[in-house]
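Chemist: Here is how the chains run, residue by residue.
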Amino acid sequence: MGRISIKNLGKAYKVYPSRVARMKEWMGLGTAEQHRKHWVLKDISFEVAPGESVGIVGINGAGKSTLLKLITGTIQPTEGSVSLQGNVAALLELGMGFHPDFTGRQNAYMSGQLMGFSVSEIRGWMPAIEQFAEIGDYIDQPVRVYSSGMQMRLAFSVATARRPDILIVDEALSVGDAYFQHKSFDRIRQFREQGTTLLIVSHDKQAIQTVCDRALLLNAGRLEKQGSPEAVMDYYNALIADKANSRLEQISREDGRVETVSGTGEATTTSIELINEQGKAVEAINVGEKVILRVTATIHQNIERLVLGYGIKDRLGQVMFGTNTHITAQVQENVRAGEKVTFECEFQASLGQGSYSVQTALVSSDTHMVDNYEWRDLALVFQVININRQHFAGSAWLPPQIGIHRT
Amino acid sequence: MTAILRNLWAFRAFISGSVRREFQSKYLNSMLGIAWTVIQPLAMILVYTLIFSQIMRAKLPGIEGDFAYSVYLCAGILTWALFQEVTGRCQNMFLEHANLIKKVHFPRLCLPVIITLTAFLNFGIIFVLFTLFLIVSGNFPGVVYIALVPVLLVQLIFSVGLGVLLGVLNVFFRDVGQAYTVIVQFWFWLTPIVYPVSIIPEQLRGLLAYNPMVGLMTAYQTIIGRGQWPDWSQLVPMLVLGIIFCALGLRLFRSRVGEMVDEL
Numbered sequence: 001m002g003r004i005s006i007k008n009l010g011k012a013y014k015v016y017p018s019r020v021a022r023m024k025e026w027m028g029l030g031t032a033e034q035h036r037k038h039w040v041l042k043d044i045s046f047e048v049a050p051g052e053s054v055g056i057v058g059i060n061g062a063g064k065s066t067l068l069k070l071i072t073g074t075i076q077p078t079e080g081s082v083s084l085q086g087n088v089a090a091l092l093e094l095g096m097g098f099h100p101d102f103t104g105r106q107n108a109y110m111s112g113q114l115m116g117f118s119v120s121e122i123r124g125w126m127p128a129i130e131q132f133a134e135i136g137d138y139i140d141q142p143v144r145v146y147s148s149g150m151q152m153r154l155a156f157s158v159a160t161a162r163r164p165d166i167l168i169v170d171e172a173l174s175v176g177d178a179y180f181q182h183k184s185f186d187r188i189r190q191f192r193e194q195g196t197t198l199l200i201v202s203h204d205k206q207a208i209q210t211v212c213d214r215a216l217l218l219n220a221g222r223l224e225k226q227g228s229p230e231a232v233m234d235y236y237n238a239l240i241a242d243k244a245n246s247r248l249e250q251i252s253r254e255d256g257r258v259e260t261v262s263g264t265g266e267a268t269t270t271s272i273e274l275i276n277e278q279g280k281a282v283e284a285i286n287v288g289e290k291v292i293l294r295v296t297a298t299i300h301q302n303i304e305r306l307v308l309g310y311g312i313k314d315r316l317g318q319v320m321f322g323t324n325t326h327i328t329a330q331v332q333e334n335v336r337a338g339e340k341v342t343f344e345c346e347f348q349a350s351l352g353q354g355s356y357s358v359q360t361a362l363v364s365s366d367t368h369m370v371d372n373y374e375w376r377d378l379a380l381v382f383q384v385i386n387i388n389r390q391h392f393a394g395s396a397w398l399p400p401q402i403g404i405h406r407t
Numbered sequence: 408m409t410a411i412l413r414n415l416w417a418f419r420a421f422i423s424g425s426v427r428r429e430f431q432s433k434y435l436n437s438m439l440g441i442a443w444t445v446i447q448p449l450a451m452i453l454v455y456t457l458i459f460s461q462i463m464r465a466k467l468p469g470i471e472g473d474f475a476y477s478v479y480l481c482a483g484i485l486t487w488a489l490f491q492e493v494t495g496r497c498q499n500m501f502l503e504h505a506n507l508i509k510k511v512h513f514p515r516l517c518l519p520v521i522i523t524l525t526a527f528l529n530f531g532i533i534f535v536l537f538t539l540f541l542i543v544s545g546n547f548p549g550v551v552y553i554a555l556v557p558v559l560l561v562q563l564i565f566s567v568g569l570g571v572l573l574g575v576l577n578v579f580f581r582d583v584g585q586a587y588t589v590i591v592q593f594w595f596w597l598t599p600i601v602y603p604v605s606i607i608p609e610q611l612r613g614l615l616a617y618n619p620m621v622g623l624m625t626a627y628q629t630i631i632g633r634g635q636w637p638d639w640s641q642l643v644p645m646l647v648l649g650i651i652f653c654a655l656g657l658r659l660f661r662s663r664v665g666e667m668v669d670e671l
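In order, the protein sequence lines correspond to chains A and B. The first sequence begins at 1 in our numbering and counts up one residue at a time. The second sequence begins at 408 in our numbering and counts up one residue at a time.
Chain B with its partners taken away, still in its complex shape (with noise of 0.2 Å):
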């Protein structure tokens, strides 16, 4: 593990350089550049806060005020595209540098870390913005904003363990991406990130309980919707199953590397 963490230290340069290009190549070759960082999710915002409060007419108990459907919304969409980014770049990720990694030596757990920081870094544009749109909106939550911090903690460590886990997986059985873009859609649904929890009929709410990322998209909508502090213990399965995700990814990463290359 300190070796790992060693290696990583000792290619620092490739790795913030990498962050650097992605960006750079991400936003410099087009015209609007940084604009479509916030122009992809204000889209998708705009299009749920139209179908969902506007002509479906959802009904959103506990949740009142002008913007409040889209507060709700962006708490759990920004999030959720994180997580998103960061899984599906991840199990992807060494079949999308095979060509660097067939021909360069260096340790293959750079790239992990580049795709979880070049998302942050995308994140944190686009959250700084929408915490002015809150300040300007008069929605800002206040001190319990800070909750943000160890909620993104258990985010990170979980959906790196199940990139890593998935990326060595899909080098192996192709059919672990496929599925993964399927699962994710549904997973996506089965969240309540643009309905409340309330339109879910009672007898299967407690269905909810099995899926990690309801926790976590709660504790988003508490603070940023509510705000109000999070109930920690919803988290608590999240962060099992995160590190358990991490130790698997770890251990299946370090027994595969070798024959990875060869398959790619």
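Chain A extracted, bound-state conformation (with noise of 0.2 Å):
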């Protein structure tokens, strides 16, 4: 149950050069045919296997919603084909097409009965709904005076009632505010413990990291790349910043981790070390450890602005801390062509027991998004042990004073 089979989907609409020309298609007035094909997906293959937990991202107009929407039955694709096995709820965009007159709850009834239960099963779910939903009074009232995030919170308290084979959702929890968001994630965390099939739609990295097993990159209508959440939204940060003549690698490490290098190239890092106290290069540092990150960029093009940025993040990708020389004003100006610039970041390592990574990124501005010379991710990977600090969880490593008063 819950295997989502995707077999070489692709979906193209049908564009005609004037009304009058789809009426001449139709009537079979002339031999050709009057309109072109506008391909918005093609070649689209892969599988979800039970249980797993796929993300899918990709920049607007990528294609995401309509795979999503070929996938749900609402479009029906051109070519190829979507086998779904398992009962399916999908929270595609906002509201699941609730008819703004009715109340919430006459919408959360209808669609129940869209998903195809019956009224009873729904009244037996609804204390629970609106449990959820938290919406209060508003159950009552029309839908078109909910906010947008009431209408997500209903939304999704519906489609989840039941858990279902298959979860599919787009983007539509974006509109939740943080509560909800992490009552909705708790939610989908739970299903998929359970086993429930995930399929989600997002721009909100830390989401796909830490609840999908894979991701999958969609650009211009194609499958670019899938594999691991970290490899693959490291490889997708770089192509937002893609941009002519500029490269973009992956290389697999020995650790099987992957390190993505994109840029125009204006300048690279030549080496990246993390230095101890003794001045040694090291792999592994202890909790609390005073170091110096040491990034050395050599210059093949005069710049007027360079500035380094860097990021550590743990294990799932998620950044623990990062800042750049644009916000501590540290700009470099009028950088020449055959120069070397040695950064030298030194900080207190508090960070709780694992492994670590940098990534660093050589721009213009605060944004990758302007100039990239270089994005590097898993430029660097180290360890973080617990050698001399008491026993403690977590990544973070903020050792406490702890004061007790019994009264």
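Do not take every clue at face value.
[As the list claims (entries may be wrong)] Which bits of chain B does chain A cover? Going by a derived footprint, with three or more residues having C-beta under 8 Å, they are:
hint, segment
1, 411-420
2, 426-432
3, 505-513
4, 657-670
[To be verified] Computed beta-carbon distance windows for the label pairs:
hint, chain 1, residue 1, chain 2, residue 2, range
5, A, K37, B, L449, 48 to 56 Å
6, B, K509, A, A281, 54 to 62 Å
7, B, D638, A, G116, 44 to 52 Å
8, B, V643, A, S120, 25 to 33 Å
9, B, L412, A, V145, 34 to 42 Å
[What the hints assert, rightly or not] Just a sample of chain B residues kept apart from chain A, beta carbon distances all over 10 Å, derived:
hint, residue
10, G440
11, I452
12, S477
13, A488
14, F527
15, L539
16, V589
17, I590
18, R612
Simulated from the structure, these hints should not be mistaken for laboratory data. Here the structure is a predicted model, which is why all the values come from computation and not from measurement. Think of the CB as a built atom: it goes at the ideal place given N, C-alpha and C, for glycine as much as any other residue.
Grab the two chains, each in its own frame, and use the hints to assemble them into the complex.
Modeler: Below, the structure is given as structure tokens:
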């Protein structure tokens, strides 16, 4: 149960030069086809095994929503096939097609009936739906008076009132407030543990990385990349910055992780090292140790502004800390070709035990969207081990002074 | 065909729920509620009665009695309103429910079924009141009343077929909806509903044979107005046309349903 298989899926929209042209074609006048096909998705094939969670990423217009609509059957494929095993709950865009004049309760019934459930089944879930949505008396108000967040709360509560074999969520969750996002992700995680197959479209890197086993990257209607969420997200970030004469490559490291390098190449990092207090380059450090991240950049072309950005990510790819020399007001101006620039970032590694990676960016401003000379993910990997600190849990080292008062 | 019916049956909860919701939102949100269903056609009948039978002193040969003209008028106007509601809403149904169609996967043919059921429900309410009026005023036609059932059935086939055909076409060619609104106006006045056939000049009467609604309306008027069995042969053109429309509509729907979502 809960298997999704997609084979050579493609979707093209017919574009007619005019309404008259469509009529001619319908009537069979003229021998030539009047329309041309505009392909929005092509050659998509993948499988999602039961219980697997897959995230789909891609820029706006890459075809993510179209893909989900094809999978749920709302639109029909031009070629290829979709097969689903098990029952599906889908949250496509906002509101599940709620009718603005009907009350939230009526819409909940309608959505349930559209999923093929009977009134008595829905009636049984209704208290739970109301409780989860937490929209209070609004449940009996027409949906047109709802905020988008409230619509989303109701839609999510209805769609997940019963655990489906396959749950498909399109971006909808980003509408909710932080509280509800947590709540809904908890429910998604819970379903996942119980064996629900998950397909999520999101721009939220963190969501993809924490919930998904695998990620797919759609670009211009094609499946450009699939793999571990971290590798795909890194590639995706590099892709966003993809410009003319920019390179983008992924290097598989010995430990099986994938290093992503992209950029236009005016400046490149030639060495990245983590230096301990003894001045030695190391790969393992103690919790709370003072270290220096030394990044050396070689300049190949004259650059007006040079900014180094770096981030430390945990093993799931979530950023523990990140900053750049724009934020610290240390922008290097008028850097000449041939120069070497060495950045020494000294900090205390207040990190919990585990494996961490460093990503670096050589850019011209606060973001890598303007000029991206070089972006390097997993540039350096290091371990944090607890040598002499008290045992603790988590990724951050926040040693407390605990005061206890008994009265 | 059986697949379509099975699909619709599987979604019966949605269909019945939608009819109930439409009914509720129509009546529960207004203060006069269900009264509006009666007030609207009643107002129309009053206007026509006043203008045609009183001011214009229209001659209605073969119809006598105090309420004769009003009864004749109701027989046509109430059933025409049903026809207009079904076709008018069907031609717009896919556009109206674009929001739902684009987001949720369900058998699209639920929509005409919902529309038809809702329209017949509204019609049922007003027709029951009309029947009570007939009984009270002594105009009840008696046993021929049951002839209404097959006549309504013919009308149902015709309007659903035409409605689905228009509905699909309207998605691709929005002119269809606009044109139909205009056409239906002319159609109403070119059908003897507020006036009797007899006031049409002899030489033009032959043209009425090309209007399938004439046979239908005449049947209602014969049953209710005159209390006689209708001339069944008059309904044959409409039945044939209705079946053709249903077949065409279904074929068009099946071949274009996928493309339709892309156009919404």
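Chemist: Would you mind marking each hint as holding or not holding in the structure?
Modeler: How the hints compare with the structure:
Residue count for the segment 411-420 of chain B with a Cβ under 8 Å from a Cβ of chain A: 3. That meets the three needed, and the coverage hint holds. Look at the segment 426-432 of chain B against chain A: 3 of its residues bring a Cβ nearer than 8 Å to a Cβ of that chain, three or more, so the hint holds. Counting residues of the segment 505-513 of chain B whose C-beta lies closer than 8 Å to any C-beta of chain A gives 8; at least three are required, and the coverage claim holds. Figure legend: the segment 657-670 of chain B, annotated as covered by chain A; annotation consistent (5 residues with Cβ-Cβ distances under 8 Å, at least 3 required).
For K37/A and L449/B, the Cβ-Cβ distance of about 54 Å falls inside the hinted range of 48 to 56 Å, so the restraint holds. The hinted range of 54 to 62 Å is satisfied by K509/B and A281/A, whose Cβ atoms lie roughly 57 Å apart. Separated by about 46 Å at the C-beta atoms, D638/B and G116/A satisfy the suggested range of 44 to 52 Å. Distance hint check: the CB atoms of V643/B and S120/A are about 45 Å apart, inconsistent with the given range 25 to 33 Å.
Between L412/B and V145/A the C-beta distance comes to about 38 Å, which sits within the given range of 34 to 42 Å. G440/B, annotated as away from the interface, keeps every beta carbon of chain A farther than 10 Å; the closest lies near 16 Å. The beta carbon of I452/B is kept farther than 10 Å from every beta carbon of chain A, the shortest such distance being approximately 29 Å. Against the 10 Å criterion, S477/B stays outside the reach of chain A, whose nearest CB is about 35 Å from its own CB.
Non-interface call for A488/B relative to chain A: holds, since the shortest CB-CB distance, roughly 22 Å, exceeds 10 Å. The claim that F527/B lies off the interface holds: its Cβ sits roughly 20 Å from the closest Cβ of chain A, which is beyond the 10 Å cut-off. With a minimum CB-CB distance of about 31 Å to chain A, L539/B clears the 10 Å threshold, and the non-interface call stands. Non-interface call for V589/B relative to chain A: holds, since the shortest CB-CB distance, roughly 18 Å, exceeds 10 Å.
Distance check for I590/B against chain A: the nearest CB is about 18 Å away, which clears 10 Å, and the non-interface claim stands. With a cut of 10 Å on Cβ distances, R612/B stays outside the contact zone with chain A, its closest approach being about 34 Å.
The structure fails hint 8 only (numbered hints given earlier).
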